[in-house]
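So the protein sequences, as listed, match chains A and B.
First residue of the first sequence? That's 0 in numbering that gives the first Met the number 0, and the numbers climb one at a time after it.
First residue of the second sequence? That's 0 in numbering that gives the first Met the number 0, and the numbers climb one at a time after it.
Just so you know, these hints were derived from the structure itself, not from any lab.
If you're wondering where the values come from, they're calculated on a predicted model, not measured in any experiment.
Every residue, glycine too, gets a C-beta built ideally from N, C-alpha and C.
One or more of the hints may lead you astray.
Unchecked claim - Computed footprint of chain B on chain A; a stretch qualifies when at least three of its residues, placed anywhere within it, have a C-beta under 8 Å from a C-beta of chain B:
#1 45-58
#2 62-68
Stated by the list, open to error - Residues from chain B shown here face chain A by an in silico Cβ test under 10 Å; the list is partial:
#3 V26
#4 M99
#5 I129
#6 I181
Here's the letter readout for the chains.
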Amino acid sequence: MTTNPSNLPVFQQVADQLRQKIAAGIFRPGEAVPSIRTQATALHINPNTIKRAYDELQMEGILEHRPGLGLFVTAAGAVKANTQTAQVLLATFANGVRIGIAARLSKAEIDSAYAKAWESLTDTPGRAIHQEITP
Amino acid sequence: MSSDSAGEFAIETLGLTKRFKRHGAAVVDGLDLRVPRGSVYGFIGLNGAGKSTTIRMLMGLLRPTSGGCQLGSVDPHREPVLARRGVGYVPDRITAYAWMRVSKLVGFCAAMQPRWDSAAVGQMLQRARIDPAQRVGKLSKGTAAKLSLILALGHDPEILILDEPTDGLDPIARDEFLEHVIGSVCDRGRTVMMSSHSLADVQKMADVIGLIHEGKMLLQARTEELLAGTKRIRAVLDDVSLSTAASAARPSALVWSRIEGRQWTLTVRGSTGESVEQVRALGAKSIEVQDMTLDDIFRDVVRGHAAGHLETHRREAIACS
């Protein structure tokens, strides 16, 4: 199964993006995340879709609802978001490896493609430039 | 936002048909359209597919040749005044005299609606930075579109109908316009029916999609179900199975297919797994299954429909000879 990130269901893209933001510390445990209305109007996404993404993150224990206040990152939220992001990363790399295998590239060639991608995105060795992914 | 009255439709048409010439082709042809209450409905189709004609019939501006429609629970042709009270309409271009000042146009619209909220309209104009003293003809395209939306919302309607609202707007004006629409959905739980060529917007905004083609509803489904249930299969075949594929094999769920070199690309809707098995059974060397965007699905459904038409015509031609 091949998936292009932009072809993923919209709620999945919203959930992935928020998870990445929590993993990156843009929203930290105990802090509120943007309201459904704010997200919906900013991204031009149906509020039901945003709600569905938030529901998923609540089920994963990354967000919690505080009545009358909104949604907050749980104490364990950052760690959980990190784990989930690692899974998204794995799926994305698996996709790349699959393209390589289909084109009959060797493991060494696939490894070197990864190294080149890393180099192209890091300004100083070991420090990646954060790139915004917009759904 | 699901309302309490689930299962009800805010807009419904039954066999809606419009012919402009008595014996001419139907521009809208037996259309059954259902917009669930509280949903955002994306009405999509090629130019000339019948979108604007449908919308004009819903608004009571055109009389159907046959069939009927309901807005809320009102027939816009029997009770036009009542129907207009429950619906806000943003036509594809603003219909006003260029010399009119914004304030005059607002007054003009207010006079036609008994439930006009002047305070809310004033606030919306201010937020949109529209000067009431400005002449309508001098407004930029983006500002005119925003004004048109504000005028459509002035009587706080339950239903909002937008005909190609972002057509020709620059990216910033488009953003501001869509923010306003989504805000109105969030705050009021309005039903929105929106025709658009911007399928990326529709994919993000709509709960339900209706695809009209040559006046007929080719597809009407929940966006999520449509996107999850429609896949593109790419199979690499050997020369023998390729000729079999081209001639005989047709998975039942097939929407459209294409052969390029040794690659067979199929778009299937519904039973994806079954289709994959059918393709595998032909001896495919590799099979990939991909998700699709609404844009991809739209193209393939329309192409598939055209291809199907050709076959029907050919069969008819053979039958005649």
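- [ ] Could you check if B:I181 really has its C-beta closer than 10 Å to a C-beta on chain A?
- [x] For B:I181, the interface hint holds, since the closest Cβ of chain A sits about 5 Å away, which is under 10 Å.
Task: Interface hint compliance - B:V26 to chain A, C-beta minimum distance less than 10 Å - done: violated (30 Å)
Open item on the list: Closer than 8 Å Cβ to Cβ for three or more residues is the test here. Does the stretch 45-58 of chain A pass it with chain B?
Closed with: holds (count 4)
Open item on the list: For the restraint on B:M99, tell me whether the closest CB of chain A is nearer than 10 Å.
Closed with: Violated. Min distance 30 Å.
- [ ] Test coverage of the stretch 62-68 of chain A by chain B using CB-CB distances below 8 Å; three residues minimum.
- [x] As far as the stretch 62-68 of chain A goes, the hint is violated, because 0 residues have Cβ atoms under 8 Å from chain B.
Open item on the list: Quick check on B:I129 please, does its C-beta sit within 10 Å of some C-beta on chain A?
Closed with: Hint violated; B:I129 Cβ to chain A Cβ min 19 Å, cut 10 Å.
The structure fails to meet hints 2, 3, 4, 5 from the earlier list, while all remaining hints are met.
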